[in-house]
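Chemist: Working from the sequences, and respecting the hints, build out all of it.
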Amino acid sequence: MRPHFSDAIIKWSLAAFLIIVFAFLYMPIVHILFASLSSRPNFPYPPEFNISSYIRLSTNTVYQSAFANSLILAACTSVLSTVLGFLATVGVLRFGGKRALFYAIFFAAPLFVSEILLGISSMALYYLLFELQGNMLTAIIANTVHCFSFSFLIMTAMLYKYDWRMNEAAVVCGASPLRSFIEVMLPITWPGMMGSLITAFVLSLNGLDVSFYLLGATPTMPAVAWGALRYGVKPELYALSTLINLVVFLLVIALLISVGLKGKAGRG
Amino acid sequence: MQNDNLQRRLLLDIPSGFLLLFFVLPLIALVVLSFWQTENYKIVREWTLLNYGTLATESAYITFFLRSLAMAVGVGVALVAISWPIAYYIVRYGGRYRTIFSLLLVIPFLSGEVLRLIALQGMLGPAGLVNGALIRMGAAPLRMIMYSNAASFIAFIYLYLPLVITTIYLSLINFDFRLAHAASACGANRFRVFTEVVWPLNLSGTVVGFMLAFIPTLSASLVPRFLGGPNGTLYGMSMAQQFGESGTWALGAAMGVVLFLFSAIALAILSFGVDLRRTGFTGLGRQ
Chain A
1 MRPHFSDAII
11 KWSLAAFLII
21 VFAFLYMPIV
31 HILFASLSSR
41 PNFPYPPEFN
51 ISSYIRLSTN
61 TVYQSAFANS
71 LILAACTSVL
81 STVLGFLATV
91 GVLRFGGKRA
101 LFYAIFFAAP
111 LFVSEILLGI
121 SSMALYYLLF
131 ELQGNMLTAI
141 IANTVHCFSF
151 SFLIMTAMLY
161 KYDWRMNEAA
171 VVCGASPLRS
181 FIEVMLPITW
191 PGMMGSLITA
201 FVLSLNGLDV
211 SFYLLGATPT
221 MPAVAWGALR
231 YGVKPELYAL
241 STLINLVVFL
251 LVIALLISVG
261 LKGKAGRG
Chain B
1 MQNDNLQRRL
11 LLDIPSGFLL
21 LFFVLPLIAL
31 VVLSFWQTEN
41 YKIVREWTLL
51 NYGTLATESA
61 YITFFLRSLA
71 MAVGVGVALV
81 AISWPIAYYI
91 VRYGGRYRTI
101 FSLLLVIPFL
111 SGEVLRLIAL
121 QGMLGPAGLV
131 NGALIRMGAA
141 PLRMIMYSNA
151 ASFIAFIYLY
161 LPLVITTIYL
171 SLINFDFRLA
181 HAASACGANR
191 FRVFTEVVWP
201 LNLSGTVVGF
211 MLAFIPTLSA
221 SLVPRFLGGP
231 NGTLYGMSMA
241 QQFGESGTWA
251 LGAAMGVVLF
261 LFSAIALAIL
271 SFGVDLRRTG
281 FTGLGRQ
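Sequence order for the protein chains is A and B.
Our numbering puts the first residue of the first sequence at 1, with every later residue one more than the last.
Our numbering puts the first residue of the second sequence at 1, with every later residue one more than the last.
Fair warning: there could be bad hints in the mix.
Chain B regions said to be covered by chain A (calculated; three or more residues, Cβ under 8 Å) [stated by the list, open to error]:
id: 1; region: 51-59
id: 2; region: 103-111
id: 3; region: 238-244
Only pairs whose alpha carbons sit at most 20 Å apart, straight line, appear in this in silico EDC-like list of lysine to aspartate or glutamate [unchecked claim]:
id: 4; chain 1: B; residue 1: K42; chain 2: A; residue 2: E131
id: 5; chain 1: A; residue 1: K161; chain 2: B; residue 2: D176
id: 6; chain 1: B; residue 1: K42; chain 2: B; residue 2: E245
Examples of chain B residues lying across from chain A (beta carbon under 10 Å, computed) [stated by the list, open to error]:
id: 7; residue: R8
id: 8; residue: L11
id: 9; residue: P15
id: 10; residue: V31
id: 11; residue: L117
id: 12; residue: P141
id: 13; residue: L142
id: 14; residue: M146
id: 15; residue: L172
id: 16; residue: F175
id: 17; residue: L179
id: 18; residue: T217
id: 19; residue: L218
id: 20; residue: G252
The hints are simulated quantities; they were obtained by calculation from the structure and are not laboratory data.
Computed from a predicted structure; not experimentally measured.
From the three backbone atoms N, C-alpha and C, an ideal C-beta is built for every residue, glycine too.
Modeler: Structure follows, in structure tokens:
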């Protein structure tokens, strides 16, 4: 009897700890959700439902142009890093051979260099070589370096168990490499690609450190938020933050549902 | 064979070339810049060790660095200690809710450093939730969590917790728990099963998790600037100021090189202690 009893104690104390930690992670998010909907943002309890801060956010042109810039940046970065990450994943898993580990470490290396160093060093390079102040292109490239590693790791995790003989089988049956990619590989691996696209998109949408040093005068959303933060937090920022959280939440739910459906379809 | 070689070259060399051009080359530029000088916002291209001399002798920079190092080690250790039970619970008892638990970790991680700091400020600030509740209950506000190193510490934990839990979770989910059962069947008690089987076999994942929190904390600039208060200046924040307000790029570049070297040294020390084969790493190549 005794071992069962202490097993249960361990299990329930771990569960309690898990709940505390998740509460710690989500309490600020929920708090600013209430704060954004309240006329008293400092202590919004009991909760209200007041969308005036959202209206002020939507009519603020500074946020609008910054948001448009961020969208362009994030869209280009996510596509570029997913394409590069996919090439790297297939390269390492299929053609890596003896040097697979070496390439894998090299491709994951940007994770181990902090974003601010990435931003500063890229800025130093462009300035020293081209006397360039930084523009959208350099910001996209530097963000891609950072997101590339995430894309690579996500897709490697998803493709690790992929059976490459399926591609060969398709080619043997007469499919062109492109067709074998579209009809065999893509349907099986797209959750990994979606995961990589979403992660890279959201990371570069919200990242400040890399873009800050490479964009010059072009404002992005986190830069505007950061600027506003230095003059005191305003309810508009809470509204903006809540909206971004909501979008991330919906994207993750969509990914979860699509993976779940695919898993069910695949298994039975 | 020819075709295979071409494919291989395309698949491995395009990403490698990209990283060489836009990741390795900038770091080299940073090293070069750190050996030059800045005078009146202009870069003077003469080789000198002056920047490193300044960093090694001026007490302010030494204080910033030691504070950053202590903060990064503290944050890393605390995060590993918090993340292990969480990841362990999700893997052992999560059952079919595993995916949901792990995705719940992704959502706070993806909402971005600035926005998460805004949220945290709503909790910890002078008029935030914690102090607001304390004042309402008639207690004195906690000074400790406003604009102090303690506030920075909480912020770092909050920022990097999802990343560290996910790393350890990924390590544990690939761990074969039959090994732990075998040890326990052979008579090992719970403590020995953990210290001699579960922990060493997941050490490489733990080290990666530690580094993923250690490195950004070591060079953090936003958190101390926003939450650190008067005595909370960290090395990365000082470095950002060299590139911003003070315009002393060369000195900032030298600080960047110091940060990079220390991250690399920490990574080397930790991975030296980890024998990949002993930690259950089976390699990537599956020919």
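Chemist: Each of the hints needs a verdict: does it hold here or not?
Modeler: Results of checking the hints against the structure:
Note: the region 51-59 of chain B has 0 residues with beta-carbon separation from chain A under 8 Å; the three-residue rule is not met and the coverage is violated. Judged by the Cβ-Cβ criterion of 8 Å, the region 103-111 of chain B is covered by chain A as claimed, because 8 of its residues qualify and three suffice. For the region 238-244 of chain B, the assignment as covered by chain A holds, since 3 residues bring a beta-carbon within under 8 Å of that chain's beta-carbons and 3 suffice. Note on K42 of chain B and E131 of chain A: the hinted pairing holds, with a Cα-Cα distance of about 12 Å set against a maximum of 20 Å.
Annotation: proposed proximity of K161 of chain A to D176 of chain B holds, straight-line Cα distance about 17 Å (limit 20 Å). With a CA separation close to 14 Å, the supplied pair K42 of chain B and E245 of chain B stays within the 20 Å bound. Contact between R8 of chain B and chain A, as hinted, is supported at the beta carbon level, the nearest pair being about 4 Å apart and thus within 10 Å. Interface hint at L11 of chain B: satisfied, since its Cβ lies 3 Å from the closest Cβ of chain A, which is below the 10 Å cut-off.
Nearest Cβ of chain A to the Cβ of P15 of chain B: about 4 Å, under the 10 Å cut. The hint holds. Proximity of V31 of chain B to chain A holds as hinted, the smallest CB-CB distance being about 9 Å (cut-off 10 Å). Given the 10 Å rule on beta carbons, the hint for L117 of chain B holds: about 7 Å separates it from the nearest Cβ of chain A. Hint status for P141 of chain B: violated, given a least beta-carbon distance of 12 Å to chain A, over 10 Å.
Interface restraint check for L142 of chain B: the shortest CB-CB distance to chain A comes to about 15 Å, outside 10 Å, so the restraint is violated. With 10 Å as the threshold, the beta carbon of M146 of chain B stays out of range of chain A, its nearest partner Cβ sitting at about 14 Å, so the hint is violated. Hint on L172 of chain B is violated. Least Cβ distance to chain A is approximately 13 Å, over the 10 Å limit. Hint status for F175 of chain B: violated, given a least beta-carbon distance of 15 Å to chain A, over 10 Å.
Checking L179 of chain B against chain A by beta carbon gives a least distance of about 18 Å; that is not within 10 Å, so the hint is violated. Checking T217 of chain B against chain A by beta carbon gives a least distance of about 9 Å; that is within 10 Å, so the hint holds. Annotation: interface hint on L218 of chain B holds; nearest CB of chain A at approximately 7 Å, less than 10 Å. Look at G252 of chain B: its Cβ gets to within about 7 Å of chain A, closer than 10 Å, so that hint holds up.
Hints 1, 12, 13, 14, 15, 16, 17 from the earlier list are contradicted by this structure; the remaining hints agree with it.
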